[in-house]
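J.: Once you've looked at the hints, dock chain E with the ligand against the given chain Z.
Going line by line, the protein sequences match chains Z and E.
Sequential numbering of the first sequence, starting at 1454, is according to the numbering used here.
Sequential numbering of the second sequence, starting at 25, is according to the numbering used here.
If you are wondering where the hints come from, they were derived from the structure by calculation, not from laboratory data.
There could be a bad hint or two in this list.
Cut-off 30 Å, straight-line C-alpha distance, at most; resulting in silico cross-link-like pairs (DSBU-like, lysine-lysine) [claimed, not checked]:
#1 Z:K1734 with E:K272
#2 Z:K1750 with E:K196
#3 E:K113 with E:K146
Small disclaimer: the values here were computed from a predicted structure and weren't measured.
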Amino acid sequence: MKIKTLFIDYEVPRDEEVDFLIGSLKTPPQPVQDIREVYEHVNAGQDPILRAKHTLFITRNRGAVVKKCPGTSEYTCCDYTILHTGTFCSMDCSYCILQAYFHPPLMQYFSGLDQLTSHLNPYFKGNQVYRIGTGEFTDSLIWEPISLQPRFLVNLFARQDHCVLELKTKTVNIESLLELEHNQKTILAWSVNSPRIIQSQERGTASLKQRLEAAKKAEAAGYRLAFHFDPMVIYDGCITEYQDVVDQIFAHVDPKSIAWISMGTFRFMPHLKVIIENRFKSSDICYGEFILGLDNKMRYFKPLRMELYNQTVSYLKKRAPQVLVYFCMEDKQVWESSLGFFPSDENELGRLLDRSAAQHCGLDPSLLP
Amino acid sequence: MHKSYETVPVGSIDPAYQRYRLGQPSFDVENLKDAINRSGLIHPVVVKPVPEGKYGLVVGFRRYDAVKKLGHSHIDAIILGPDEEWDEKKFDLECLKFAITERSCQRPLDVFELLCAIERLKDHLDVQEIVAISPAVFNQVLNPSIVRQYIRMAGLSENLRVLMSTGRLSVKPALMLSDIPTEQADVFGAVFSKISLSSSNQKDVIQLSLEISSRDKKPVKQIFSNDPFLQILKDDHLDPRAKGKKIKEMIAELRFPHLTQARNTFTKTCRSLGLSGRIQLTPPKNFEGLDYSLSFQFQSLSEFESCLKKLDQLSGDEQFRRLFP
Ligand code: SF4
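Next up, chain Z with everything else stripped away, as it sits in the complex (with noise of 0.2 Å):
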């Protein structure tokens, strides 16, 4: 992570966890008072988007810490719990929908692991299984090189056995997760795309050999993984190419470390586009053929989206017929299609996953319904 720009919220305290993300910055911090001086400093690039790629704030998190996902009622929804731990990313992919999220998109670090563990220990003593992941507004690891955070959540989360960890990436980052007493509480997870898509699409992230590379040694190291093939782009040669990265994955590691494997074709709110259109000139990512979802997002029209997932889904499971496969936001008929099911009942599909959850990472069976 390149920062140009630090800034710290006055009312941070300098502790240990701030100390050693400020000195692996290299960058002196700028105290602010106000947020709207790190809003202006953004505002103030030729390109808002991609100053915020070099400016980081380092603040306290006001909103909520745990949060569970929004999801539609149009699509099937995975019930997934939301750690809120910073915003944005310094990698630039141009369908990335961060762009959008935020006016003007900006890069902040949450400190306070104590703010964490205090808003997490419910979760460890609820009643059911909690699937808890960090990549909802961020790169989970694009933190890990320069912060503690990634390294304190995966040991608090070997501690307890009600829930577990995703942290998403596109990056290598896990040097320091290696050697921790993960009690395989953590699953790493790793966005997955064609060659062709992440050379294109996908600016300063990881190539796939790279994040499967890294893959292999996590897998080494015990934990469990999870694999997302998502924005999964329709193009000429689309299926063959998405087969390639299945036969890639599985000369990488072995399908019984997979925890879930998701996929979900690109779809993004209509006003993404104009930003992409600015930013990434040579970009032909939205000129597909896309319709306005019931969700009110743009999406592939429905009869591709499922050419490209049987075609993948049936290779896949070829390949590996005991990994839990399932979409992102999708509907009965592309279950059935692809999957042959569809989870009808409200949160039939969360419920998969915790078992699968359970089964890979140990978690208290009791928990389960």
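T.: Same frame as chain Z, but now just chain E with the ligand:
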């Protein structure tokens, strides 16, 4: 500004000096020639001194053309001169305001004239300043967003401006065209000059064509120089409205081939099953949701019964069943 009334040689006016021409050159000055022949030049032209001892026209381009065509040696003119403290720039601005005021007091400026006027004023004034002088100079209050739009369109080619002034290109699509290279914008201009489309359809055609061009990595020109498009544009039996409709449909099909095919197949099947008249089957929007809807109209009990009978037959029909994936 100083004004002096003189009769100057027609040859002393530089015809190439067009700085203050707001409208398009008009070649039809026959009526005006007759009027001048009959009654003489009632309103003198307005000029200002320009380099090489010549005059440049500020107001009266048509009158000058008519007098020149009549072969007169001299023309009555008001010669404008700068106030003492003015520099060349200030004098230019005042002449510009003079030319615009003179035109807008006769009638509201058309799009072409507004474009020319604002494009030139922006060399001197910012948006707020143009807004501030608009009641006096344009004889109407221009709001800032309109001024900004016209400034954005300042780069539009002559062809596109002509299309705008003849009502064949609306402001919103013109704004889209002002954001793309002139060469591409002119391709749309050439197409729109042959077809008739509403403003929103023009916008769709531009948007979808640009997306096809980016997706297929080929220039917009190539899309419209392909056979089916060329044939429609050249077809003398189709009126501009019918051409516009066809072009729009073809562009949409090129942009969304699978969706269009699915829609066409669905419509065709419904028609062959008799589901496009009083009984209507509607698929989910864009085939995305899961809910199909069926409606039927009847005027009597017997019609109601025959609809039910038809529906009953349909459920066993293979073609009907294939409609549902
Ligand atoms: S890695 Fe994820 S969070 Fe980062 S830019 Fe890409 S999509 Fe956004």
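J.: Enumerate the violated hints, using their earlier numbering and listing them in ascending order.
T.: The structure breaks none of the hints.
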